[in-house]
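Now that you have both chains on their own, put them together as the hints suggest.
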Amino acid sequence: MRIGEFIVYRIWALIMQLLGAVALIFALVEYLPYDPTLLFLFTFRGNDEERTIALKKLRHDLGLDVPVFQRYINFFVALFTEGSLGTSWSTGAEISDMFIRAMTYSFITFGVAFLIYTPLALVLGIIAASHKDSIFDYMMRVLTTLVYSVPPIILGLWVIIYSIESKWELAPLSFDARVDPFSDLKYFFLPILITVLIYTGFQFRLIRIHILDVLRSNYIRTARAKGLPERKVIMKHALRNTLPHFFTTIAVTFPIAFSGVVGLEIVFGIPGAGVLMVNSALAFDWPVLIAGTAVFTTINAIVLAINDVIIYVISPKQRNSVFANKVR
Amino acid sequence: MSSEKISVASIDEKQIEQSEISIKEHIHFKSKLYLWLITTVGLSFYGYAGFFLIYGVALLLSPVHRVPFRNLAIASIIATFITIYIARKIIIKFGAEDLHIHKNYLILYNRFGRSRRIDKDDILYIKIEKPNPMLEFLPLTSPKVIIVTYNQVLTIKSVKYAYKDDFLNYFEKERVFYTDDFALYFHRAQNSFARFILRFTQDTAGVIGLIIIIVFSFLAIWGAFAMMISSTSPVYTHTLFLRNPEFLSYGLGYTWSESVLRPPDRNFWFGTDFVGRDIFSRLIFGTTFTFMIAITGSFLSITFILFFGLTSAFNEGLWDNFIMRVSDALLSFPPFVFLIIFSAISIPLRAAIPGGFFLAVYAGMSVVTWPAGARIIRSNVKELLESEYILASKQLGASKLKIMKDHILPQIIPTTLVILTYQITDIILGTTLLGYIGFGSESTLIWGSDLSHSLFDLEFVKSWWTVFFPSLFIFLLVFGLTLFSDSVRDNMDPKMQGSKNSLPYEVRREMEAML
Numbered sequence: 001m002r003i004g005e006f007i008v009y010r011i012w013a014l015i016m017q018l019l020g021a022v023a024l025i026f027a028l029v030e031y032l033p034y035d036p037t038l039l040f041l042f043t044f045r046g047n048d049e050e051r052t053i054a055l056k057k058l059r060h061d062l063g064l065d066v067p068v069f070q071r072y073i074n075f076f077v078a079l080f081t082e083g084s085l086g087t088s089w090s091t092g093a094e095i096s097d098m099f100i101r102a103m104t105y106s107f108i109t110f111g112v113a114f115l116i117y118t119p120l121a122l123v124l125g126i127i128a129a130s131h132k133d134s135i136f137d138y139m140m141r142v143l144t145t146l147v148y149s150v151p152p153i154i155l156g157l158w159v160i161i162y163s164i165e166s167k168w169e170l171a172p173l174s175f176d177a178r179v180d181p182f183s184d185l186k187y188f189f190l191p192i193l194i195t196v197l198i199y200t201g202f203q204f205r206l207i208r209i210h211i212l213d214v215l216r217s218n219y220i221r222t223a224r225a226k227g228l229p230e231r232k233v234i235m236k237h238a239l240r241n242t243l244p245h246f247f248t249t250i251a252v253t254f255p256i257a258f259s260g261v262v263g264l265e266i267v268f269g270i271p272g273a274g275v276l277m278v279n280s281a282l283a284f285d286w287p288v289l290i291a292g293t294a295v296f297t298t299i300n301a302i303v304l305a306i307n308d309v310i311i312y313v314i315s316p317k318q319r320n321s322v323f324a325n326k327v328r
Numbered sequence: 001m002s003s004e005k006i007s008v009a010s011i012d013e014k015q016i017e018q019s020e021i022s023i024k025e026h027i028h029f030k031s032k033l034y035l036w037l038i039t040t041v042g043l044s045f046y047g048y049a050g051f052f053l054i055y056g057v058a059l060l061l062s063p064v065h066r067v068p069f070r071n072l073a074i075a076s077i078i079a080t081f082i083t084i085y086i087a088r089k090i091i092i093k094f095g096a097e098d099l100h101i102h103k104n105y106l107i108l109y110n111r112f113g114r115s116r117r118i119d120k121d122d123i124l125y126i127k128i129e130k131p132n133p134m135l136e137f138l139p140l141t142s143p144k145v146i147i148v149t150y151n152q153v154l155t156i157k158s159v160k161y162a163y164k165d166d167f168l169n170y171f172e173k174e175r176v177f178y179t180d181d182f183a184l185y186f187h188r189a190q191n192s193f194a195r196f197i198l199r200f201t202q203d204t205a206g207v208i209g210l211i212i213i214i215v216f217s218f219l220a221i222w223g224a225f226a227m228m229i230s231s232t233s234p235v236y237t238h239t240l241f242l243r244n245p246e247f248l249s250y251g252l253g254y255t256w257s258e259s260v261l262r263p264p265d266r267n268f269w270f271g272t273d274f275v276g277r278d279i280f281s282r283l284i285f286g287t288t289f290t291f292m293i294a295i296t297g298s299f300l301s302i303t304f305i306l307f308f309g310l311t312s313a314f315n316e317g318l319w320d321n322f323i324m325r326v327s328d329a330l331l332s333f334p335p336f337v338f339l340i341i342f343s344a345i346s347i348p349l350r351a352a353i354p355g356g357f358f359l360a361v362y363a364g365m366s367v368v369t370w371p372a373g374a375r376i377i378r379s380n381v382k383e384l385l386e387s388e389y390i391l392a393s394k395q396l397g398a399s400k401l402k403i404m405k406d407h408i409l410p411q412i413i414p415t416t417l418v419i420l421t422y423q424i425t426d427i428i429l430g431t432t433l434l435g436y437i438g439f440g441s442e443s444t445l446i447w448g449s450d451l452s453h454s455l456f457d458l459e460f461v462k463s464w465w466t467v468f469f470p471s472l473f474i475f476l477l478v479f480g481l482t483l484f485s486d487s488v489r490d491n492m493d494p495k496m497q498g499s500k501n502s503l504p505y506e507v508r509r510e511m512e513a514m515l
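Going line by line, the protein sequences match chains Y and W. Under the numbering used here, the first residue of the first sequence carries the number 1, and numbering increases by one thereafter. Under the numbering used here, the first residue of the second sequence carries the number 1, and numbering increases by one thereafter.
With the rest of the complex left out, here is chain W (with noise of 0.2 Å):
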């Protein structure tokens, strides 16, 4: 590493003075539509957060006792915490930020969250990356300043106009520079999720995965807001472009024998089914059920793995030894006897709430299936554990869990993603398959029990929709989680392409797939 020393020996108050100013004047400024959007989808999410918390009260409240009502209730007071959250992380994260330069310091102000401040003294190193000068005429692309220092990485985005030699101007009077090659150094070693994902993103399958989850996503949305707004009195109702999914479109200028395995039309988009439901709208309440039982299960059973596969890595000996042995004993079963004994001791959940029935199940699994990942993360855990920067900062006395929180957590980000895509995708397929079996209710709109209703019906091969559009669903989502986590996979470490780390989780899979 060549290090190089520029420094000045004389100071001239005046001069510092100057160039302070003619600093201020370039740096502060923002792109104002950047702001604007930000600012906007900002507030919105608190807006929302808003709507959510009164809905939920309301529903609380009411004087209807029905069951899905007190859950749709808490239901949407989750949801408030959880916008109020991200509204929070928009702007933190990406909400423009004023760079106030003072004498001996900096100041980063941000619209909402906290501000900053940062001594010159600890700055390393200060890059200016322009932007493109093909699209520099729009009014989003701005110049980004990064300021490494000595235990973080700054990335102020929305500056309007930057100049190396402003800055350059203003530090080279008063501190010692070090050359660019230890500093980025720093910013390579800080920024491994960065280039993750600027990896990622090279990856066509990848990001075709990418585009189905999300859009499936929407339709979950779609699905929660329609399933809040709907009223429940038996009159048939149009919320959102959804049709109420449980009633029968017989009585509406339909005879019976029209009403009921109608092939899909301008008003029945995908259909109907054999006794006149609009397939469409149950599609997509069944995805906004899916995702809910997908999502609380996929991150009950990955906090179950990270806390047994962090602990037994940092615990050697007896606690480990335990957890070892325990998860031998977990994969000796065959995965599916799990999964029909927890449906077999849930029955009786299955009309009292929608979807907690399966709910429970996941919940039960999630306490039996850890091992297979909680194996993975040991293992990398403990090959990092053995590296020299973490002896390094071992040596300079952090504790456990301060070594866990800013060297291994970042690090096994993309394993922990591909776990928990596996576990959402071992989850769907398990839900249509339990759902297929007859495990579902009425009360859940589960996409395996819609696809054995198109069997109720004798003729099932002339009316093919009944059959086509869930499996459809169904393949579509899997196919995307697939092309995702393979994506994530290979590319999380070129290493990692194929190797051993990966296997156990594979050949565990495999038996899983059996459903």
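Isolated chain Y (complex conformation) (with noise of 0.2 Å):
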């Protein structure tokens, strides 16, 4: 397969996918057992006729009269044509510029802390996994077990509490969305903190364990036998065949500055992505967690399609699977 041939297969099956996603979650909520309309409706005071004539206004002005398939291509007619993802149930608002807002959020905190994060666990993995063994080494594992085994929920309460009872002022109860995000940048240090050791731990791990698979094949030990100094070893040769796995970690959790991690942005009041599709889903809001869906799986699904073009062209070894996290 060509380049040009492999970028037109890959762009297929990102829509593939898509289409695939919102025809799930459509077919989900359609096929329930309960209709949400009739909880809509659940405080509404009147005989059993004028209550017939409110479920059937109510879901004439939802959009529920039509049959599922002619509301799965609307959604898409109205996306490509119009660029909109419809409007709430819960607040009337246009969708797509509630998710703007929410990401906007989200991208402060997270993109940020992505930024941080991705170089830092690449140089700490490098140096752990040359230094094997060593006490650095030792120690970092151990940190990561740490710090993996404890959510982030909890980590963000207790930074939190420690925050309140020495002053530091950088907590607040929670974010005013009317308010222009940039104008309180000092609230988003602890978010940004936690998400940067939280993340360094996981790439760290990854990035470590492939460095040392590399470190243990045969042209490595042929390179140390022909005398090369060790720096150059790790530099020059196994770092080059270690770059595939760096963009696969990179782009695996790259979404996670779009939608950001639910957790965290509860527990420090971020009106961020996540906490949008929570929301939405304690609201039975349908049209938002639906659009949030493909919002969401088309993010993921570019960066993926972005990072299999990569590692087509710079590993000839891959060059046969299609998909980057495929096994073998």
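Derived by calculation from the structure, the hints in this document are not laboratory data. Treat the hints with care, as some may be off.
Said to hold, decoys possible - Simulated coverage check for chain W against chain Y, where a stretch passes if three residues somewhere in it have a Cβ under 8 Å from a Cβ of chain Y: (1) 325-332; (2) 343-357; (3) 435-447; (4) 464-475; (5) 480-489.
To be verified - Quick list of simulated restraints, FRET-style, between CB atoms: (6) W/E316 x Y/A54: 55 to 65 Å; (7) W/T204 x Y/K132: 14 to 24 Å; (8) W/G438 x Y/G4: 43 to 53 Å; (9) W/L455 x Y/L64: 30 to 40 Å; (10) W/V275 x Y/E30: 39 to 49 Å.
Unchecked claim - Once the Cα atoms are required to be at most 30 Å apart in a straight line, the calculated DSBU-like pairs of lysine-lysine come out as: (11) W/K462 x Y/K167; (12) W/K462 x Y/K186; (13) W/K394 x W/K382; (14) Y/K236 x Y/K226; (15) W/K89 x W/K120.
Note that this is a predicted model, so its numbers are computed, not measured. Cβ atoms here follow ideal geometry from the backbone N, Cα and C, with glycine treated the same way.
And the structure:
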């Protein structure tokens, strides 16, 4: 497969993934054993006739009186002609505006964290792998195992408690969603710190294992045997072969820059994308859930597709597999 | 492989009979304490089973129509079958066996299980492992007799005295023996799982993890028993040192201000929360619910993982291709999206059944999160299918099912164990998050809900115990599971230490850790 064909195939696969994902959510929501419109009319007062009329009107207003397949097609027609994702049932606002607003918050927190933890984990991983079983390696492994087993919520809670006790004034009870997020940037410090702490641990473990795996191979032994200095062996021979893995690990964590870490967003009161999804789930707001699925799946799939193309270019060994996360 | 033949040409009938008698004297003797112990444990499990059965039927027939009652009844009837199974397993696996030696065959009599007959012609090798001489005075230590036949390795414990010479006297006269090398090869090949256990027990971190998990499972059993015995009347009740988790301590000689947010003391070990409920009891009942959800959910998902992994590895072509394309599509979803969608659609279950909401969510999750695990199983099995001993058994005409049962399944047990612990960890973190967000209900005591309750009081910084103990429980259990699964992964195969096989799962796990 040539590079052009590969990209075309990958884009086709991406479109199919998006269509399938949205179809899955439409089907799930449609064939539920209960009807959310009945729940919306739970407090309705009136006799049965009035109730039936109100239900009919509500279903018409929400657009539920058209068949599922029609709605599925309408969703994509509106998306590609007007660029709209529909309107929310609970607030009546345009969903694309809601997501842009929420993702701005998420991106300020987790995008910045991503920019910090990726190079940090890379450097730490290389150092730990090249000095295997040293004190540094051991300490890092213990630390990452510890961080690995604390859920972000708990870490966030304890940091908030500590910061309140020591009067740092860095932990707000919640962000004011109507105010410009850039006006109080200092409140983003703690969530960024915790994200960096947790994700450095994850990335570090993966990168260390990848490098150790390469260092065990025969050509590294040859390079050492011919007398190359260790620094050159690692920087020139080992790292180049772990590049595809680096890209995969980066691609896998990159989507959190948009979707956010739900637990941290809730603990720190950031009105980010994850919180938006959770709140719409609690309010039976199906359009927001469907739109969110489409948005996040698209972002995730695009990042993975770009990653696949990069791997195709830099690694001839893995050209046969179309998907990067394929085993062997 | 060096093989050395020992054969004795002349057979004296009288001599054989004499040696038979002498062996009988020595070998069918049991260590009585051991026998007694195992029989007691096994029988007590039958007793538990009977208790569960009676309790379950009584609950089903009871006039009180409360949903928790019916669920407990069903749960205890299921528990009946599980305990009967465990009792049988204990007695068959560890129970003492009588070894009777006849002229042409041996019979192993088990107390409650099957008796096994071994033809003398099948026996390749007999090895007697004497206990540590320093410990010989203990009644529990007894020499092990390992009998290697063509198709199985039998280990007979609890033989009081066994002398290698007696066995050799008996067998040498009849048949040809191969030397130790060949038999030991068989022995080792069939005991790779035993070797894995041996290596695992030498890893301190893994053992610490296992101990933490065992302690927590005892807490869960404690909570389950207390839940069964406790009465549903609103009167304040003590059951097995636990307090009614939904009951306020106001009115027990305490005023309102005394009962709310009490710091830990002799009566309330972990203090009370913002309305005066005992945090310790809530956490113990929370352990029970968490284990119930985690075990059910992880076993559901491991079923999907094993089914799709094994079938796609065995049936190359259309089915394999189809499964791989489906898993590609499912992997393109961010995992938290699935979690939120499944919790959104199962919200009406929140109040209906205790734990029903979470069970529904994780039943749904198991349908969509199998790809990561199934791919590992698939690649492992594909690698195994190319190995020589499986090719040999294929040549001998073994069916797919037999190969899967005899050769593949024992080999992928450690991998499955690792995937299972990862799933359990994910479920515990997920329930914590969902409980914290507010998806939990009052009838389901989840640690995450307790954590979020601690924030209801604006002075939560001062009442540290409301935050500390729930987070300690969550941290300890997840920490134990992580240590355990890391150790199992490192010890199941020296080659696997950080090899490519385990990576996709780690990558996937990293995505799921977004929670």
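*Would you pick out the hints that fail for this structure and give their numbers low to high?*
none
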